[in-house]
Amino acid sequence: MNPPSIAVSPTPLIIWPNTNAPTVKVISVASLTAPADPKAAMTSNGDDLTIASTNAVAILLQTSNFPTNGTVNVYIKPRNAAQSILQASYVSGNTNLANWQLTTILPVSHTIIQARAVAPVKTRSLDA
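Position 14, counted from 1, in the sequence shown is what this note's numbering calls 59; the numbers after and before it change by one each time, with no gaps.
In short, the hints are calculated from the structure, not lab data.
From a predicted model like this one, the values you see are computed outputs, not experimental measurements.
Beta carbons are placed, not taken as given, at the ideal position from N, Cα and C, and that holds for glycine.
Possibly wrong hints are sitting among the right ones.
[What the hints assert, rightly or not] When the alpha-carbon atoms are kept at most 27 Å apart in a straight line, the in silico BS3-like pairs for lysine-lysine are as follows:
| # | residue 1 | residue 2 |
| --- | --- | --- |
| 1 | 70 | 122 |
| 2 | 84 | 70 |
| 3 | 84 | 122 |
| 4 | 167 | 84 |
[Claimed, not checked] Between beta-carbon pairs, the in silico distance windows are:
| # | residue 1 | residue 2 | range |
| --- | --- | --- | --- |
| 5 | 153 | 64 | 34 to 40 Å |
| 6 | 141 | 163 | 24 to 30 Å |
| 7 | 136 | 157 | 21 to 27 Å |
| 8 | 90 | 116 | 33 to 39 Å |
| 9 | 165 | 65 | 16 to 22 Å |
| 10 | 78 | 120 | 16 to 22 Å |
| 11 | 99 | 59 | 37 to 43 Å |
| 12 | 97 | 58 | 38 to 44 Å |
| 13 | 98 | 68 | 37 to 43 Å |
| 14 | 99 | 159 | 20 to 26 Å |
| 15 | 120 | 95 | 18 to 24 Å |
| 16 | 83 | 153 | 27 to 33 Å |
| 17 | 134 | 61 | 29 to 35 Å |
Please work from the sequences and hints to get the whole structure.
Set out below in structure tokens:
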């Protein structure tokens, strides 16, 4: 039996996006500055940040070249548990550079935090 196939448009893969491409990055977690190049090794010696709190912590994010009416999702994936997806709130800035924040309780384990920005869908009205 053949696996099902899905037709996909031939969109070219972009490995090195333009400097003005939209970006989102984690700036800090629980007031600890996130590394510019996180490794997320998921080992006791490979943690990018060590957070010793069972209280809610702030995750600060920053977008560039991204509309402030878009959505910034934060993916929180503990090593041995299900992933959760939470939405950050816009705090300040503009399309060129904006700040976002999510306050949540993090799992007590090795956890990967990722962010993805989703631009709003543009709609057109058609005159009849």
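To see whether the hints hold, each was checked on the structure:
no. : hint                  : result
1   : 70 - 122              : 16 Å, holds
2   : 84 - 70               : 14 Å, holds
3   : 84 - 122              : 14 Å, holds
4   : 167 - 84              : 35 Å, violated
5   : 153 - 64: 34 to 40 Å  : 39 Å, holds
6   : 141 - 163: 24 to 30 Å : 18 Å, violated
7   : 136 - 157: 21 to 27 Å : 23 Å, holds
8   : 90 - 116: 33 to 39 Å  : 35 Å, holds
9   : 165 - 65: 16 to 22 Å  : 19 Å, holds
10  : 78 - 120: 16 to 22 Å  : 20 Å, holds
11  : 99 - 59: 37 to 43 Å   : 41 Å, holds
12  : 97 - 58: 38 to 44 Å   : 40 Å, holds
13  : 98 - 68: 37 to 43 Å   : 28 Å, violated
14  : 99 - 159: 20 to 26 Å  : 22 Å, holds
15  : 120 - 95: 18 to 24 Å  : 20 Å, holds
16  : 83 - 153: 27 to 33 Å  : 20 Å, violated
17  : 134 - 61: 29 to 35 Å  : 31 Å, holds
Consistency note: the structure conflicts with the earlier hints numbered 4, 6, 13, 16.
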